[in-house]
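**Q** Numbering (this note's numbering), first residue to last: 341 to 678.
Please keep in mind that the hints were generated in silico from the structure rather than gathered at the bench.
Check before you lean on any hint, since a few could be wrong.
To be verified - FRET-style restraints, in silico, Cβ to Cβ:
(1) Val564 x Tyr489: 49 to 59 Å
(2) Asp469 x Ile443: 12 to 22 Å
(3) Pro488 x Ile521: 39 to 49 Å
(4) Leu611 x Asp469: 39 to 49 Å
(5) Asp469 x Thr578: 41 to 51 Å
(6) Asp495 x Met641: 19 to 29 Å
(7) Ser558 x Val452: 45 to 55 Å
(8) Thr578 x Gly384: 19 to 29 Å
(9) His383 x Ala497: 24 to 34 Å
(10) Val665 x Thr527: 14 to 24 Å
A quick note: this is a predicted structure, and the numbers were derived from the prediction, not measured.
All residues carry an ideal CB built from backbone N, CA and C; glycine is no exception.
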Amino acid sequence: MQKEKIDNSLISKYRGVLMGLSILLIMVFHYTEDCSEMDYHFHGWIQWFNQHIGSSSVDAFLFFSGLGLYYAMKKNPDLKNFYQRRITRLLIPYVLIALPAWIIYDIGILKVGWVEMIKDFTFITFFSDGDKWFWYVGLMFLCYLIYPYIFRVVDTARDAIDGEIRLISLVSAITVVSMVIESCEATFFSNTNVALLRLPIFLAGCFYGRSSYEKRASYWKWGVLLVCSGFLLTLLPTESPVFSRFTSGIFNVAVCAMLALFFSKVPLMPLQRMLEWFGQRSLELYLVHVAVRKLMKNEGMNTCHPKNELIMVVTAIVLTCLLHVIVQAIQKKILRSK
């Protein structure tokens, strides 16, 4: 059997598998977060995972999204087609899950009225002290909107070094702006840093998309990033959200790169197929999972307890299967009518 060449396209080949692993790790993080909030068995691996790995699998999601968008734009640069496919793929499951979830929560439980519900649903309250329930969808919506401009910056880079300089410049600019906001508007920064500090990893995915598409032979850099971020990970937890987000995010993506290398050498097909199944439904599973989790916790079924966690996971997977079929049917109908 011919050996698989190790180049930067390796991550793209196993992108679905790695996204499946990432959504499962996000669910693990939420479990550790619940244990922390309720002070329930919050020690050992649960405490370590919560404090060192945290929600960094979201960073992996954003990285893979940026990578995938580059391939999509190279395959079909038509902007109308790009926006139709990406926006419908994002908003259809969001509307189907978030709208009834917000109605149940804001109208049925909190009884704060329709105005607050609409503000929550449209992410207006994200910038204040409102609930950050589905913040990831709002961030991805923004990323989709600005991606054609990012693509132009990525694709006009003369070579790999020019691309890296552009990436470093953009990340540095976002970091400086974030630190200025943190210094001048601490409350606003506290409300938005969960999304703001993840823009750099999305940009990194966009730039790596070109490196992957062109199959550049610089995969060894992932080993360097893994070692460096692994060392910095030992300094967590820290009071600096910038340091925490960047360190854990880079570590998570670097581990994903090493897993892609591992799967290329040791093809564990049953495991890969299972993870790819979750990867294909990762957005739906994310939405259903966070909705079911919050509503269960509100009803006193704290998901830090294994029994409730199991109920939540099984319910989320079953509903995800149904939602995925409905979303695909609606999207095909919409795109066919265009």
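**Q** Now look at each hint and say whether the structure bears it out.
**A** How the hints compare with the structure:
1. Here the CB-CB span from Val564 to Tyr489 is close to 30 Å, at odds with the stated 49 to 59 Å.
2. Separation of Asp469 from Ile443 is about 21 Å and conforms to the stated range, judged on CB atoms against 12 to 22 Å.
3. At roughly 26 Å, the beta-carbon separation of Pro488 and Ile521 lies outside the given 39 to 49 Å, and the hint is violated.
4. Roughly 42 Å separates the CB atoms of Leu611 and Asp469, a value that falls within the hinted 39 to 49 Å.
5. Remark: the range hint 41 to 51 Å for Asp469 to Thr578 is contradicted by a beta-carbon distance near 24 Å.
6. Between Asp495 and Met641 the beta carbon distance is about 49 Å. The supplied range of 19 to 29 Å is therefore violated.
7. With their beta carbons about 52 Å apart, Ser558 and Val452 fall inside the hinted range of 45 to 55 Å.
8. As the Cβ distance of Thr578 to Gly384 is approximately 21 Å, the hint placing it in 19 to 29 Å holds.
9. Separation of His383 from Ala497 is about 47 Å and departs from the stated range, judged on CB atoms against 24 to 34 Å.
10. The beta-carbon spacing between Val665 and Thr527, approximately 42 Å, falls outside the hinted interval of 14 to 24 Å.
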